[in-house]
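Chemist: Here's the letter readout for the chains.
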Amino acid sequence: MSTVEGDENESLGNASNSAVTNEETSSNTTRSGPLNDSEGGAKVVFLLKAAGGAPILKKKKWALPRSKTMGHIVEFLKKYMQLDSQQQQQLFLYVNQSFAPALDTTIGSVNDCFSSEGTLVLHYSLTQAWG
Amino acid sequence: MTFTLDEFNQCINDLYDQSKQIHDRWQLIKTPKGTYLIYSFIDDNCLKYDFHIVFSESYSVPVLYFNISHLDGSLLSLDDVWKLFAHKNNSNMYETITQQEHPILHRPFFILHPCHTEKLLKQVSDQSMNKKFLFWLSIYGQSVGLPLSVNYAID
Numbered sequence: 001m002s003t004v005e006g007d008e009n010e011s012l013g014n015a016s017n018s019a020v021t022n023e024e025t026s027s028n029t030t031r032s033g034p035l036n037d038s039e040g041g042a043k044v045v046f047l048l049k050a051a052g053g054a055p056i057l058k059k060k061k062w063a064l065p066r067s068k069t070m071g072h073i074v075e076f077l078k079k080y081m082q083l084d085s086q087q088q089q090q091l092f093l094y095v096n097q098s099f100a101p102a103l104d105t106t107i108g109s110v111n112d113c114f115s116s117e118g119t120l121v122l123h124y125s126l127t128q129a130w131g
Numbered sequence: 001m002t003f004t005l006d007e008f009n010q011c012i013n014d015l016y017d018q019s020k021q022i023h024d025r026w027q028l029i030k031t032p033k034g035t036y037l038i039y040s041f042i043d044d045n046c047l048k049y050d051f052h053i054v055f056s057e058s059y060s061v062p063v064l065y066f067n068i069s070h071l072d073g074s075l076l077s078l079d080d081v082w083k084l085f086a087h088k089n090n091s092n093m094y095e096t097i098t099q100q101e102h103p104i105l106h107r108p109f110f111i112l113h114p115c116h117t118e119k120l121l122k123q124v125s126d127q128s129m130n131k132k133f134l135f136w137l138s139i140y141g142q143s144v145g146l147p148l149s150v151n152y153a154i155d
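So the sequences go chain by chain: D and R. Residue numbers for the first sequence, in full-length UniProt numbering: 1 to 131. Residue numbers for the second sequence, in full-length UniProt numbering: 1 to 155.
By construction, these hints were calculated from the structure, which means they are not laboratory data. Certain hints may be false.
[To be verified] Taking lysine to any residue pairs in the SDA-like style, the calculated list, with each CA pair at most 20 Å apart, reads:
1. Lys30(R) <-> Asp44(R)
2. Lys83(R) <-> Pro55(D)
3. Lys49(D) <-> Ser125(R)
4. Lys68(D) <-> Tyr80(D)
5. Lys119(R) <-> Ser125(D)
6. Lys30(R) <-> Thr4(R)
7. Lys122(R) <-> Gln90(D)
8. Lys78(D) <-> Tyr124(D)
9. Lys131(R) <-> Pro147(R)
10. Lys131(R) <-> Ser115(D)
11. Lys122(R) <-> Ala50(D)
12. Lys131(R) <-> Asn9(R)
Note that the structure is a prediction, hence the values are computed from the model and not measured.
Model the full assembly from the supplied sequences, consistent with the hints where possible.
Modeler: What follows is the structure, given as structure tokens:
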């Protein structure tokens, strides 16, 4: 995932995993047009907000191509936050403070339905849902 | 954070109305023993999913009951269900899918045990009753393959 602000080297270096599609190398650090990358695809800008006992991320603002799914973000967060296997079962992403889209929903369609003023807010929580 | 039976009935009626508006296939079943919602579909692997949303009197929360069957009518066993959902990265959930008698139909169904539902709902305690219900359904449903359109979440 690419970041819109801050030091991109820092976050990409820490999150080295196969779930992340690194469209830019660490030498390509500055990005003036946040919504369109050089490949011509539109990106969705979203804020990740912690809820339900989840750790707060230092980097809250992210950008991803529209075609990436909610499941992609979940898998990324599991690795980025270094969740143990129990915590991994408890990670949920939801929008509009109250709806968890199916994991195969694209971030593009979620953005179209729920973004406001150009930003999409996604809450993530670690909660035991069943047991 | 729990639901009263009246609130539950209101929520499922509202979801049913929404379903009709967006041409989805929820069915509302009213019986003297209670009212519940059903969603049935057949997936690409010819498995038939039946989801029922039923009220739990003891936990005062909705519970998602489900069965999955082959097209010849034979039901998937607990083992089969575990294998089916393992790929959804909820590998621990097999410990918490249990079989329980449907309170209205008196047939065995699988459920995701509701003991943590109240705690989960606290995360949306400031939301309306309908939003709380949708939150519950979207979280539980996504783990057991219930298709739930984003259109339900749009006001």
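Chemist: Please list, smallest to largest, the hint numbers that this structure does not respect.
Modeler: 1 and 2
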